[in-house]
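Enquirer: Use the sequences and the hints to build the structure in full.
Protein chains: 2
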Amino acid sequence: MSDAIRHTPAGPTTEATEHSGASASQGRIIISVDAMGGDRGPNAVVAGIARSAKKNPDIGFILHGPTSDLKRMVQRRKVLRGRVEYRDARDIVRMEDKPSHVMRHGKDTSMWSCLESVRNKEATVAVSCGNTGALMALSMIRLRKIPGVNRPAIAVLWPSRNPSGFNVMLDVGADVRADEEDLLQYALMGASYARNGMHLDRPRIGLLNVGTEENKGRAELKAAHDLIEKAAPGGHFEFVGFVEGGDIPGDVCDVIVTDGFTGNIALKTGEGTAKLIGDLLKEAFKFSPLSRIAAVLALTSMRRLQKRIDPRRVNGGVFLGLNGTVVKSHGSADATGVAAAVKLAFQLAQQDLTNKIKARVASASASEQDAAEVNKVAE
Amino acid sequence: MSDAIRHTPAGPTTEATEHSGASASQGRIIISVDAMGGDRGPNAVVAGIARSAKKNPDIGFILHGPTSDLKRMVQRRKVLRGRVEYRDARDIVRMEDKPSHVMRHGKDTSMWSCLESVRNKEATVAVSCGNTGALMALSMIRLRKIPGVNRPAIAVLWPSRNPSGFNVMLDVGADVRADEEDLLQYALMGASYARNGMHLDRPRIGLLNVGTEENKGRAELKAAHDLIEKAAPGGHFEFVGFVEGGDIPGDVCDVIVTDGFTGNIALKTGEGTAKLIGDLLKEAFKFSPLSRIAAVLALTSMRRLQKRIDPRRVNGGVFLGLNGTVVKSHGSADATGVAAAVKLAFQLAQQDLTNKIKARVASASASEQDAAEVNKVAE
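In order, the protein sequences belong to chains R and U.
With the first letter of the first sequence counted as 1, position 150 gets the number 150 in my numbering; the numbers rise by one all the way through.
With the first letter of the second sequence counted as 1, position 309 gets the number 309 in my numbering; the numbers rise by one all the way through.
Among these hints, one or two may not hold up.
It does not matter which identical chain is used: a pair holds within one copy or between any two.
[Unchecked claim] Pairs of lysine-lysine, DSS-like flavour, derived with a Cα cap of 25 Å:
#1 107 to 71
#2 307 to 282
#3 55 to 107
#4 216 to 145
#5 222 to 98
#6 145 to 107
#7 230 to 356
#8 222 to 282
#9 286 to 307
#10 307 to 71
#11 286 to 275
#12 55 to 216
#13 98 to 216
#14 55 to 230
#15 307 to 275
#16 286 to 230
#17 121 to 145
Derived from the structure by calculation, the hints contain no laboratory data.
Expert: Structure below.
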């Protein structure tokens, strides 16, 4: 633990001082990072955090995995000097491991250790490229749900026509079912995320349905429509009502609320469609000598387009509704992807997202109780 | 009714003989076409059927709407001479009309009349560009469900990586709920559609879920998984098990089975994503003088790509599970779109899809009853 950050308050390194300009390592926001379990191994993770460290002097890391190996990788990167603390973990959660197995036998894994640092308040946000199901299962038992939240949710950013370039959608797969109360909580959590992660003062919330008329869709959606509408003024968001699948990449709202089954299918359908079009586009450019010349001339424009919809730029589903925020990076994330996940984790930690969601959920249930009391008196 | 086709068996016109080479108009397959209710009016519909008539000498039409207006439009197109019969209908179902209203007050509409021609066996397939909800509601009450089918479904073709370029997905919005028995029927109907509309001998069926492991997803999906697996040998299709959203534009199966809520969201998400990428692509090509030159050089390749994923080429959701097939064309369909819908209608009529589905559903319920009997005896 010679590189400890929080535990060596006496010694900010020269390098850190150079970057931050002033403060000691205590001033940094600490992100807990699972170095293992991604498809590209710990090298990609270390390269990613090095990139983040270079861009942002206010981040420090706790890195989970086999310490001796990780140290060797970190020491090759000057920018990480004095900014990484290690927690030794010998086991790895693999992509094919079942969540139930990991819950019972995963105590020595880097993923478990990564969440532990959030649980014991050494860090407020965790980042992992590992197995999503296992990460959600471990997050549930180790971090536990915020009081008043029934089902945590996974939120993702989605390329859209909005000025920011993105929408938030939740839940995209934490749970296959959601009733009206769950959907209300997703709306509250999504609004907090949009405010703190996307800097939108008064996010517009839409409820995903098969039509925009109020009498359409499933019963729980009609009930959720009323609940979210009532919560809007107190929750400091605007409720735009029902939205359709076509509005997910659109600009009528900033947050799309849906159950984890529908959200997961929509997410993967959108990704698959984008991938198919991308591949067909490449084929089209290869078709004739003329189109090959066109491809060269269009290179910069195409790169700009690719960057605009590059999933690595918005890498990371965020687990909301737990005592601590967890950023799930793509399993295939490279250094760019890991750096994007760390950047998001930093923003959410800096804004203290977890406590803001806690306050929102508490205040919403309080007003519901108030309303119930008022109704009782009125009866 | 001077232009009547089926009712004037004596007189095939010269023009028809020229095109078909031999047979009289009785040999033609008659498609019932709602001329009204589309966004572009009856002109687009008449232009569309003229295009179909030119390509295929074996189609005849019954056209529903204000006869005097329609006759004027038809008479301007030589290719339609002797191939169109009229049914006068003064009312129009508008896009904003509620299905319940149309069911009660829609007797004089062109949509009602269009279905009536299928109901009274003058035609086996109906085509309409009108309001989907109203068309489904009217189809249910006028054509009625096939015995053994609980919920009819809307099936669409979807651009995919398959050799044919497309997958079938159903239900995309006839009903927001589906239990395991409904999903089994969708599998049977989807298999018949793929066999007869896409000429696939032994279509591969996938059941849409949030993961491919057998223990994933909602309870009704696990039950449906078993039912469809059991029905596969008798139904002459291959069951590939659970598939994910990313497989909708993929090549692991030919038919994607899901409930109408999820299917509708997936369809619109995919369409919206494709539209967003298309618009960003146009922007990218406009960005610099160099990219504008690239756009010119890439024009042919881009057109080929556009054609590959052009929704007009596969225009038409098909209502399955009714006594008669109904092809719902896009409301915004132009002549190309209408012609594509008519082509599909012709294929399905030629293959006698309705009766094939009837036979499949009957045989599946018979084998279920057989199995139940066997179980009873065994007990």
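Enquirer: Could you run down the list of hints and mark each one as holding or not?
Expert: Consistency of the hints with the structure:
1. With identical chains, the CA atoms of residue 107 and residue 71 are at most 25 Å apart within one copy only, with a shortest distance of 22 Å there and 79 Å across copies.
2. Taking CA atoms no more than 25 Å apart as the test, residue 307 paired with residue 282 passes in both settings, with 16 Å inside one copy and 15 Å between copies.
3. Taking the shortest alpha-carbon separations for residue 55 and residue 107, neither the intra-copy value of 33 Å nor the inter-copy value of 69 Å comes in at or below 25 Å.
4. Taking the shortest Cα distances, residue 216 and residue 145 sit within 25 Å of each other only across copies (22 Å), while inside one copy they are farther apart (32 Å).
5. Only between protomers do residue 222 and residue 98 lie at most 25 Å apart by alpha-carbon distance; the minimum there is 18 Å, versus 35 Å within a single protomer.
6. Taking the closest pair of Cα atoms, residue 145 and residue 107 come within 25 Å of each other only inside a single copy of the chain (20 Å); across copies the shortest separation is 56 Å, beyond that limit.
7. Taking CA atoms no more than 25 Å apart as the test, residue 230 paired with residue 356 passes inside one copy only; the shortest distance there is 20 Å, against 51 Å between copies.
8. Proximity of residue 222 and residue 282 under a CA criterion of 25 Å is satisfied in neither setting, with 44 Å inside one chain copy and 38 Å between copies.
9. Both within a single protomer and between protomers do residue 286 and residue 307 lie at most 25 Å apart by alpha-carbon distance, with minima of 21 Å and 17 Å respectively.
10. Taking the shortest alpha-carbon separations for residue 307 and residue 71, neither the intra-copy value of 32 Å nor the inter-copy value of 54 Å comes in at or below 25 Å.
11. Proximity of residue 286 to residue 275 under the C-alpha cut-off of 25 Å is found in both arrangements, the shortest distances being 17 Å within a copy and 23 Å between copies.
12. Taking the shortest alpha-carbon separations for residue 55 and residue 216, neither the intra-copy value of 48 Å nor the inter-copy value of 41 Å comes in at or below 25 Å.
13. For a Cα distance limit of 25 Å, the shortest separation of residue 98 from residue 216 across copies, 11 Å, qualifies, whereas the shortest one inside one copy, 38 Å, does not.
14. Proximity of residue 55 to residue 230 under the C-alpha cut-off of 25 Å is found in neither arrangement, the shortest distances being 42 Å within a copy and 57 Å between copies.
15. For the identical chains of this complex, residue 307 and residue 275 are neighbours both inside a copy (14 Å) and across copies (17 Å), given an alpha-carbon limit of 25 Å.
16. Taking the shortest Cα distances, residue 286 and residue 230 never come within 25 Å of each other, neither inside one copy (54 Å) nor across copies (45 Å).
17. In this assembly of identical chains, residue 121 and residue 145 lie within 25 Å of each other by CA distance solely inside one copy; the values are 16 Å within and 61 Å between copies.
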